[in-house]
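Here's the letter readout for the chains.
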Amino acid sequence: SAVISQKPSRDICQRGTSLTIQCQVDSQVTMMFWYRQQPGQSLTLIATANQGSEATYESGFVIDKFPISRPNLTFSTLTVSNMSPEDSSIYLCSAWDRGLEEQYFGPGTRLTVT
Amino acid sequence: GDSVTQMEGPVTLSEEAFLTINCTYTATGYPSLFWYVQYPGEGLQLLLKATKADDKGSNKGFEATYRKETTSFHLEKGSVQVSDSAVYFCALLPNFGNEKLTFGTGTRLTIIP
Chain A
1 SAVISQKPSR DICQRGTSLT IQCQVDSQVT MMFWYRQQPG QSLTLIATAN QGSEATYESG
61 FVIDKFPISR PNLTFSTLTV SNMSPEDSSI YLCSAWDRGL EEQYFGPGTR LTVT
Chain B
1 GDSVTQMEGP VTLSEEAFLT INCTYTATGY PSLFWYVQYP GEGLQLLLKA TKADDKGSNK
61 GFEATYRKET TSFHLEKGSV QVSDSAVYFC ALLPNFGNEK LTFGTGTRLT IIP
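Each protein sequence line maps, in turn, to chains A and B.
With our numbering as the guide, the letters of the first sequence map in order to residues 1 to 114.
With our numbering as the guide, the letters of the second sequence map in order to residues 1 to 113.
In case anyone wonders, no lab produced these hints; they're calculated from the structure.
Quick caveat: nothing in here was measured; it's all calculated off a predicted structure.
Quick reminder that beta carbons are idealized off the backbone N, C-alpha and C, glycines included.
Mixed in with the good hints there might be a few duds.
Claimed, not checked - Simulated crosslink set (DSBU-like; lysine-lysine; CA at most 30 Å straight-line):
no., chain 1, residue 1, chain 2, residue 2
1, B, Lys77, B, Lys52
2, A, Lys7, B, Lys100
3, B, Lys100, B, Lys77
4, B, Lys68, B, Lys100
5, B, Lys100, B, Lys60
6, A, Lys65, B, Lys100
As the list claims (entries may be wrong) - A few chain A residues that don't get close to chain B, going by computed Cβ distances all over 10 Å:
no., residue
7, Lys7
8, Thr17
9, Thr20
10, Gln51
11, Phe61
12, Asp64
13, Pro71
14, Leu73
15, Thr77
16, Pro85
17, Glu86
With the hints as extra help, turn the sequences into a complete structure.
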């Protein structure tokens, strides 16, 4: 199974600033995903990131607010831009293992915006 | 569209009790079904899965059977431990090449010694 790491694990940021979250997978994967999990809630998909193409965003999420990069088959970044307290959440990246037909998750980045 | 409905939580049980967390789904065709577990302060871990009707997924003493006739995938464990305290998510994956998971709302389980 794929092992996924994220950096930073947590951060406290000021309103109006931006934070970039990094996601590293220990094997090459075609599809990576970014989710948001608000306190005590389920996961909401932000976007799908395929290598070599623009990310595909879900309803309610836009590229200007959550720009995503996918430079190669093992790495992706999510930026949370112009943050407000409503962006306080856990951000999770995940990767689809096509061989096993399973999706694996990173440990998450806990973001607090003050 | 596809959806997953999970038993409302939180659920509190005594150690060694029998556990059932209900999960039903709505989807076209034959989706794959998953249970994920999230321990405090951690990301999601795949617990078990089933890819076709009547399949039983099992791991760490947990089991779930894919019931097409009742569109259900209930999670069970015969004797829970304190270490099983976590949030459990049921999820489905459509079978037509879309790798986007649809998650239930999650069920928080607390096991008391």
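Right, here's what the structure says about each hint:
1. Restraint check for lysine 77 (chain B) and lysine 52 (chain B): satisfied, since their Cα atoms lie roughly 21 Å apart, inside the 30 Å limit.
2. A C-alpha spacing of about 23 Å is found between lysine 7 (chain A) and lysine 100 (chain B), which places the hinted pair at or below 30 Å, so the restraint holds.
3. Proximity of lysine 100 (chain B) to lysine 77 (chain B) is assessed by CA-CA distance (about 28 Å); at most 30 Å being required, the pair is judged to hold.
4. Proximity of lysine 68 (chain B) to lysine 100 (chain B) is assessed by CA-CA distance (about 21 Å); at most 30 Å being required, the pair is judged to hold.
5. Distance check on the hinted pair: lysine 100 (chain B) and lysine 60 (chain B) sit about 26 Å apart at the alpha-carbon level, within 30 Å; holds.
6. Pair hint lysine 65 (chain A) plus lysine 100 (chain B) holds up; C-alpha atoms about 21 Å apart against a cutoff of 30 Å.
7. Distance check on lysine 7 (chain A): its Cβ is at least 13 Å (rounded) from any Cβ of chain B, clearing the 10 Å threshold; non-interface status holds.
8. The claim that threonine 17 (chain A) lies off the interface holds: its Cβ sits roughly 24 Å from the closest Cβ of chain B, which is beyond the 10 Å cut-off.
9. Even its closest Cβ contact with chain B, about 19 Å, leaves threonine 20 (chain A) beyond 10 Å, as expected for a residue assigned away from the interface.
10. For glutamine 51 (chain A), the non-interface assignment is confirmed: its Cβ lies about 14 Å from the closest Cβ of chain B, beyond the 10 Å cut-off.
11. Against the 10 Å criterion, phenylalanine 61 (chain A) stays outside the reach of chain B, whose nearest CB is about 13 Å from its own CB.
12. Against chain B, the non-interface label of aspartate 64 (chain A) holds: every CB pair exceeds 10 Å, the least being about 22 Å.
13. Under the 10 Å C-beta cut-off, the non-interface status given to proline 71 (chain A) relative to chain B holds; the minimum distance is some 20 Å.
14. Leucine 73 (chain A), annotated as away from the interface, keeps every beta carbon of chain B farther than 10 Å; the closest lies near 15 Å.
15. Distance to chain B confirms threonine 77 (chain A) as a non-interface residue, since its nearest Cβ pair spans about 17 Å, more than 10 Å.
16. The Cβ of proline 85 (chain A) lies farther than 10 Å from every Cβ of chain B, with a closest approach of about 21 Å, so its non-interface assignment holds.
17. Listed as outside the interface, glutamate 86 (chain A) is consistent with that label: its C-beta sits roughly 20 Å from the nearest C-beta of chain B, beyond the 10 Å cut-off.
Comparing the model with each numbered hint stated earlier shows that all of them hold.
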